[in-house]
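Trainee: The residues making up each chain are set out below.
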Amino acid sequence: KQEVTQIPAALSVPEGENLVLNCSFTDSAIYNLQWFRQDPGKGLTSLLLIQSSQREQTSGRLNASLDKSSGRSTLYIAASQPGDSATYLCASEGETSGSRLTFGEGTQLTVNP
Amino acid sequence: DTGVSQDPRHKITKRGQNVTFRCDPISEHNRLYWYRQTLGQGPEFLTYFQNEAQLEKSRLLSDRFSAERPKGSFSTLEIQRTEQGDSAMYLCASSGTGTSYNEQFFGPGTRLTVL
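Quick note, the sequences are listed as chains G and S, same order.
First residue of the first sequence? That's 4 in the numbering used here, and the numbers climb one at a time after it.
First residue of the second sequence? That's 776 in the numbering used here, and the numbers climb one at a time after it.
It is possible that some hints are incorrect.
In silico DMTMM-like links for lysine to aspartate or glutamate, alpha-carbon gap of 25 Å or less [claimed, not checked]:
#1 G:Lys71 x S:Asp861
#2 G:Lys71 x S:Asp838
#3 G:Lys4 x S:Asp799
#4 S:Lys789 x S:Glu803
#5 S:Lys832 x G:Asp87
#6 S:Lys832 x G:Glu6
#7 G:Lys71 x S:Glu827
#8 S:Lys832 x G:Asp30
#9 S:Lys789 x S:Asp861
#10 S:Lys786 x S:Asp838
#11 S:Lys789 x S:Glu827
#12 G:Lys71 x S:Glu843
#13 G:Lys45 x S:Asp861
#14 G:Lys45 x G:Asp87
#15 G:Lys4 x S:Asp782
#16 G:Lys45 x S:Asp799
#17 S:Lys846 x S:Glu858
#18 S:Lys786 x S:Glu853
#19 G:Lys71 x S:Asp782
#20 G:Lys4 x S:Asp838
For the record, the hints were derived by calculation from the structure and aren't laboratory data.
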């Protein structure tokens, strides 16, 4: 059974700082890994999807990497802004688990002005 | 592309009542998913449809839960004889076209409170 872990659970940084969020998964047989953002009381917004054949994906100030062999993904946020404050979730789609996503518990990010 | 929509956004009910939620996926998407999320946790998979066929169900989906997608478009999730433990955010997602056909897009969720 896939298990996804996100470290740290919470992170507080000053505005402008570059930061890295970590995601690890126990079963490396994945089709893809997806990063989401969730604002309080809201649904999930898809940020980046990395297919298993890819090493990284970039969108604006966000860069996500994937290392299947070590069971790790990172989300890099450059020049953080207060509007980046949210909970960030990673989720994997497994090769043997159908189309379901298995989520971590998230990292709650606060960017202070 | 109007995104995934869910109705209602909030539902308060008394224990023992039945509730039904609706999800309208992105129109060209053939896959639809239901997840449940409790406070401070990541979403947990409940069930998945490809077109009108329900292809996968989690063990979390007890016999009090039923989901349908009768015409392969919108879906409903019904909970019978609600319990306080059913209180959660119920999220719907869809996927299925283009180069990122397996990228899942989520709706705003339905927050259920069982008193």
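Trainee: Given the hinted pair Lys789 of chain S and Asp861 of chain S, is their Cα-Cα distance within 25 Å?
Mentor: Distance of about 11 Å is within 25 Å: holds.
Trainee: Lys786 of chain S and Asp838 of chain S: Cα distance at most 25 Å?
Mentor: holds (21 Å)
Trainee: Is Lys45 of chain G within 25 Å of Asp861 of chain S, Cα to Cα?
Mentor: holds (18 Å)
Trainee: Is the Cα-Cα distance between Lys45 of chain G and Asp87 of chain G 25 Å or less?
Mentor: Between Lys45 of chain G and Asp87 of chain G the Cα gap is close to 15 Å, so the pair holds against 25 Å.
Trainee: Decide if the proposed pair is consistent with the structure: Lys71 of chain G and Glu827 of chain S, CA atoms, cutoff 25 Å inclusive.
Mentor: Status violated; Cα separation ~33 Å.
Trainee: Are the Cα atoms of Lys832 of chain S and Glu6 of chain G separated by 25 Å or less?
Mentor: holds (18 Å)
Trainee: With a cut-off of 25 Å on the C-alpha distance, tell me whether Lys4 of chain G and Asp799 of chain S pass.
Mentor: Violated: Lys4 of chain G and Asp799 of chain S sit about 30 Å apart, past 25 Å.
Trainee: Does the alpha-carbon distance linking Lys4 of chain G and Asp782 of chain S stay inside the 25 Å limit?
Mentor: It is violated: about 32 Å lies between the C-alpha atoms, which goes past 25 Å.
Trainee: Verify the proposed pairing of Lys789 of chain S with Glu803 of chain S, using a straight-line Cα cut of 25 Å.
Mentor: violated (36 Å)
Trainee: Does the alpha-carbon distance linking Lys71 of chain G and Glu843 of chain S stay inside the 25 Å limit?
Mentor: With a Cα-Cα distance of about 35 Å, the restraint between Lys71 of chain G and Glu843 of chain S is violated, given a limit of 25 Å.
Trainee: Straight-line Cα separation of Lys71 of chain G and Asp861 of chain S no greater than 25 Å?
Mentor: Violated, because 35 Å separates the two Cα atoms, which is more than 25 Å.
Trainee: With a cut-off of 25 Å on the C-alpha distance, tell me whether Lys832 of chain S and Asp30 of chain G pass.
Mentor: The hint holds at about 21 Å.
Hint check: violations occur at hints 1, 2, 3, 4, 5, 7, 11, 12, 15, 17 and 19; the rest are consistent with the structure.
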